[in-house]
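2 protein chains.
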Amino acid sequence: MTRAALERSVLRRVPPLLTDLYQFTMAYAYWRAGRHNEPAVFELFFRDNPFGGGFSLFAGLSDCLLFLQNFAFSDDDVEYLRSVLPAGTDAAFFSYLKELDCSAVSVSAVPEGSVVFARVPLLEVCGPLAVVQLLETSLLCLVNYASLVCSNAARFRLAAGPRRRLMEMGLRRAQGPDGGLTASRYTYIGGFDLTSNALAGRLFGIPVAGTMAHSYVTSFSSLEEVWPQTLVPCGGGGPIDFICLVKGWLGRVCQLLGSKTSLVREGELAAFLSYAIAYPQNFLPVIDSYSVSCSGLLCFCAVALALCELQYQPLGVRLDSGDLCRQSLEVRRVFKECNKQFSVPQFESLIIVGTNSISEQSLAELNKKENEIDVVGVGTHLVTCTRQPSLGCVYKLIEVRGRPRMKMSEDPEKSTLPGRKSVYRLLDTDGRPQMDLICLSEEAAPKAGVSLTCFPLGLTKTLQTVTPAQVTSLRLDVFTCGQITFPLKSASESRERAQISLQTLHPHHKRLQEPHDYTVALSEQLHSLVSDITKGNSKGSNFLLSN
Amino acid sequence: MTRAALERSVLRRVPPLLTDLYQFTMAYAYWRAGRHNEPAVFELFFRDNPFGGGFSLFAGLSDCLLFLQNFAFSDDDVEYLRSVLPAGTDAAFFSYLKELDCSAVSVSAVPEGSVVFARVPLLEVCGPLAVVQLLETSLLCLVNYASLVCSNAARFRLAAGPRRRLMEMGLRRAQGPDGGLTASRYTYIGGFDLTSNALAGRLFGIPVAGTMAHSYVTSFSSLEEVWPQTLVPCGGGGPIDFICLVKGWLGRVCQLLGSKTSLVREGELAAFLSYAIAYPQNFLPVIDSYSVSCSGLLCFCAVALALCELQYQPLGVRLDSGDLCRQSLEVRRVFKECNKQFSVPQFESLIIVGTNSISEQSLAELNKKENEIDVVGVGTHLVTCTRQPSLGCVYKLIEVRGRPRMKMSEDPEKSTLPGRKSVYRLLDTDGRPQMDLICLSEEAAPKAGVSLTCFPLGLTKTLQTVTPAQVTSLRLDVFTCGQITFPLKSASESRERAQISLQTLHPHHKRLQEPHDYTVALSEQLHSLVSDITKGNSKGSNFLLSN
Numbered sequence: 000m001t002r003a004a005l006e007r008s009v010l011r012r013v014p015p016l017l018t019d020l021y022q023f024t025m026a027y028a029y030w031r032a033g034r035h036n037e038p039a040v041f042e043l044f045f046r047d048n049p050f051g052g053g054f055s056l057f058a059g060l061s062d063c064l065l066f067l068q069n070f071a072f073s074d075d076d077v078e079y080l081r082s083v084l085p086a087g088t089d090a091a092f093f094s095y096l097k098e099l100d101c102s103a104v105s106v107s108a109v110p111e112g113s114v115v116f117a118r119v120p121l122l123e124v125c126g127p128l129a130v131v132q133l134l135e136t137s138l139l140c141l142v143n144y145a146s147l148v149c150s151n152a153a154r155f156r157l158a159a160g161p162r163r164r165l166m167e168m169g170l171r172r173a174q175g176p177d178g179g180l181t182a183s184r185y186t187y188i189g190g191f192d193l194t195s196n197a198l199a200g201r202l203f204g205i206p207v208a209g210t211m212a213h214s215y216v217t218s219f220s221s222l223e224e225v226w227p228q229t230l231v232p233c234g235g236g237g238p239i240d241f242i243c244l245v246k247g248w249l250g251r252v253c254q255l256l257g258s259k260t261s262l263v264r265e266g267e268l269a270a271f272l273s274y275a276i277a278y279p280q281n282f283l284p285v286i287d288s289y290s291v292s293c294s295g296l297l298c299f300c301a302v303a304l305a306l307c308e309l310q311y312q313p314l315g316v317r318l319d320s321g322d323l324c325r326q327s328l329e330v331r332r333v334f335k336e337c338n339k340q341f342s343v344p345q346f347e348s349l350i351i352v353g354t355n356s357i358s359e360q361s362l363a364e365l366n367k368k369e370n371e372i373d374v375v376g377v378g379t380h381l382v383t384c385t386r387q388p389s390l391g392c393v394y395k396l397i398e399v400r401g402r403p404r405m406k407m408s409e410d411p412e413k414s415t416l417p418g419r420k421s422v423y424r425l426l427d428t429d430g431r432p433q434m435d436l437i438c439l440s441e442e443a444a445p446k447a448g449v450s451l452t453c454f455p456l457g458l459t460k461t462l463q464t465v466t467p468a469q470v471t472s473l474r475l476d477v478f479t480c481g482q483i484t485f486p487l488k489s490a491s492e493s494r495e496r497a498q499i500s501l502q503t504l505h506p507h508h509k510r511l512q513e514p515h516d517y518t519v520a521l522s523e524q525l526h527s528l529v530s531d532i533t534k535g536n537s538k539g540s541n542f543l544l545s546n
Numbered sequence: 000m001t002r003a004a005l006e007r008s009v010l011r012r013v014p015p016l017l018t019d020l021y022q023f024t025m026a027y028a029y030w031r032a033g034r035h036n037e038p039a040v041f042e043l044f045f046r047d048n049p050f051g052g053g054f055s056l057f058a059g060l061s062d063c064l065l066f067l068q069n070f071a072f073s074d075d076d077v078e079y080l081r082s083v084l085p086a087g088t089d090a091a092f093f094s095y096l097k098e099l100d101c102s103a104v105s106v107s108a109v110p111e112g113s114v115v116f117a118r119v120p121l122l123e124v125c126g127p128l129a130v131v132q133l134l135e136t137s138l139l140c141l142v143n144y145a146s147l148v149c150s151n152a153a154r155f156r157l158a159a160g161p162r163r164r165l166m167e168m169g170l171r172r173a174q175g176p177d178g179g180l181t182a183s184r185y186t187y188i189g190g191f192d193l194t195s196n197a198l199a200g201r202l203f204g205i206p207v208a209g210t211m212a213h214s215y216v217t218s219f220s221s222l223e224e225v226w227p228q229t230l231v232p233c234g235g236g237g238p239i240d241f242i243c244l245v246k247g248w249l250g251r252v253c254q255l256l257g258s259k260t261s262l263v264r265e266g267e268l269a270a271f272l273s274y275a276i277a278y279p280q281n282f283l284p285v286i287d288s289y290s291v292s293c294s295g296l297l298c299f300c301a302v303a304l305a306l307c308e309l310q311y312q313p314l315g316v317r318l319d320s321g322d323l324c325r326q327s328l329e330v331r332r333v334f335k336e337c338n339k340q341f342s343v344p345q346f347e348s349l350i351i352v353g354t355n356s357i358s359e360q361s362l363a364e365l366n367k368k369e370n371e372i373d374v375v376g377v378g379t380h381l382v383t384c385t386r387q388p389s390l391g392c393v394y395k396l397i398e399v400r401g402r403p404r405m406k407m408s409e410d411p412e413k414s415t416l417p418g419r420k421s422v423y424r425l426l427d428t429d430g431r432p433q434m435d436l437i438c439l440s441e442e443a444a445p446k447a448g449v450s451l452t453c454f455p456l457g458l459t460k461t462l463q464t465v466t467p468a469q470v471t472s473l474r475l476d477v478f479t480c481g482q483i484t485f486p487l488k489s490a491s492e493s494r495e496r497a498q499i500s501l502q503t504l505h506p507h508h509k510r511l512q513e514p515h516d517y518t519v520a521l522s523e524q525l526h527s528l529v530s531d532i533t534k535g536n537s538k539g540s541n542f543l544l545s546n
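Protein chains in written order, with numbering that gives the first Met the number 0: chain A, 0 to 546; chain B, 0 to 546.
Hints were generated in silico from the structure; no laboratory data involved.
When the alpha-carbon atoms are kept at most 20 Å apart in a straight line, the in silico PhoX-like pairs for lysine-lysine are as follows:
1) A:K259 x A:K246
2) B:K534 x A:K259
3) A:K534 x B:K259
4) B:K534 x B:K413
5) A:K534 x A:K413
Just chain A, same shape as in the assembly (with noise of 0.2 Å):
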């Protein structure tokens, strides 16, 4: 099977009945009003950056297209609905719902990957009212997690730096096994270099990554169960006795090191010694399975110091408790005095990797102590997004039969924006993003060079000017009646995408701590419906003026 086709089988998974009940009951409905076909269109998009920041990541797109595509429901699904609906559903519309697709749907969105903000309306999804009620749980389940989790693994990549290599290992503490696979994803889109996760490996091509656990080095307790005992040297020759060879190199860096090899622990020098022999251009050991100084890094050094002598190249050393910094300084001194005692140049190459409870937090500590890690991996604190595990995205109504549609609400920040519309990104004279622009669908587009007028949001009296230096449309047309119109794109393209969107961000927008707010702003005609709307002087929702 190809990786595309893969990627399609898995992605496609999601049925249409992972929804809420009341989309069905809703759907019901305004089919009885033989209101289903009514032309409608709903939005989605969030309404704060999360954890506190100035910029989001779009993402979840390819999967929304594959569901979307796949929409239909199985005679078992409307066989269990009928046993739920009230009791006096007409059933005709069971009738009506075996027959649903959304070939009659149409979707405009921002490619993935992108840079986004708070407010801006992400996806467009138009079509038979009916349908696109039916579509809003799975569309947002689909955007909320892959967004915000892609935006978390931006800002760890923004934490860690460039030169850092990013690894994602959070399989095990994910909510749910896909949510461990949608975690892989969506980080490495973010940034991340790295999986653990095989099944994100073979799905979406994330380079994989691993050597061994703690359970690995305790698992052995004696030099005897080190078998075969022999390893013939890189270049080729008669096998040597490995653990003979290694022996003496423990002895030479104890002295070196001033350690006592009683203090070693025989149960993981087997281990090293066997994993070694296993994969000997391979080795990257975890160390502190006992203690790191007085039994993990001397036995790594032996064993590392063979393997140079066999013309192997062995790779590093994994910590994975305790203060990394300053056990990473630790190891890389020790490295460099075997280099400096030894003569063996590889020690120079060997990569320290950190692993324990990192957060956004101690990797951007991280950056301000000293120390040698050169490959953090990073699980909990990333795939669940401990510091704000949902983005709540929001999927509104906004037009039906051409009419705008707005929510009101007791709290007015749960308002929406009215109407069909068009976004653009209006881009300084250094290129770079300096307001997002939200004009109604049937103003002309801004042009580079004008002046225009708008309504910053949260400022909606503040009338400003801005003339843009370029703009862009945000959106793409991605589905159009019932068929995928734009290339589904791979994880490793979607991460191009994501890298090029955050490097034209001015740095003052990325920042992790008390970014400055980008602008996202209402075009006049925009700012007027929503007034119009809200004083009830237009025909988006009429008060009722008699009885």
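Given chain A, work out where chain B should sit, using these hints.
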């Protein structure tokens, strides 16, 4: 398809490749050393009760058992592994992988829905070293989130008190589609009554509920959209002009409450009318799309009074924004006034549903403030476990070839307990759990009425004496040599166990804030083994005594 078959078809889909790559590199190293078939034992536990609480619920067992029963690599899986494992990997290893299954694996486990505590081994997995190693990540992934969200639900249940009904509605905010499905299943087990998730209803038999969203309300703008406009009385007879009937009631309601019909939104009234005509026995609208007091509540009362006149029973209202307590009082007051004025005893049994970013804390506050909310819908905070989005379960090697194994660590609390164990729950004379005692499996079980000495965890030097009134074994054999040996429990069976298990727990362990610590203790024999291994006196992890 039967529900059981359905449930299996969904749950079993976790592919064995959904694991960390290092499981394969370790499996290879074991295989290469001829150790892959050595009998080994792992155990699964968590280190701290979640949410600062005094207990947890164990969940995810059915998923684990189905995963084990179906554990096998496809040819495609193996080809992928061949492409990513280091170049020197012996080809015969891949043939070995193709033949692997869990036919030599056995598992004992705590039954799903049991109250459990930190540090107690919940699952013991025995089998060939390489196989049980390969199971690690998937088992953790299946238990971690299930137990976390189930425990979270139990806390929401405790916060809500026994009277109020709780509805889970978190699908759109869950961490991936399967995160949503998992949440629906395990929050039901933890004590929720209803879910909005239709697929969860179909697969797990959970009662589903839901009527309408704001989009339904805002999709209407005029009474002209209401169709049909008539309703046949519940008891039969000719169709009645329902719009006309409702308009009449609206005038009377506005007069009663001193409200202006001119502030009522025509679209809202049309939406309620239309829904009531479609579902006259299921009328429960969301009433805050515009303004509860100026429009939503008036429209509800008018339509509900008209329904009552036609002998239908309206259900109630949903509040989705603003101060739910205050609004619920106002709504109830109006219901009572309507009954008083119009003699509609049906208005006495109307329910008020509240849904607005409910957290455990806001639910607990609800109990302190006066309010009239009968059903609470909870989404984001429940399903994403905002307060602590991961349980942190671990899976640790405890024995190989009959010899106890232990991981020591730079972080003392990351150390593990060596050796195969039995776990007993000691009950006091009231039948309440007083202590979980972890013994080595070769020890005799404690006896009711016979005093014993043990070492409570966290106080490892303090010997404690206890005389249990009853002793129960906490784990059962659930999987033996590849076969599930314990009947898979349905969601409602596990829910019942959770309720019983929680009932017997002493209230001071169930307190949401500052609970009393429940004692988990080591037998004297296990305690000695830990000391011996830590000092290096045992076969567990010899120091290297000679070069």
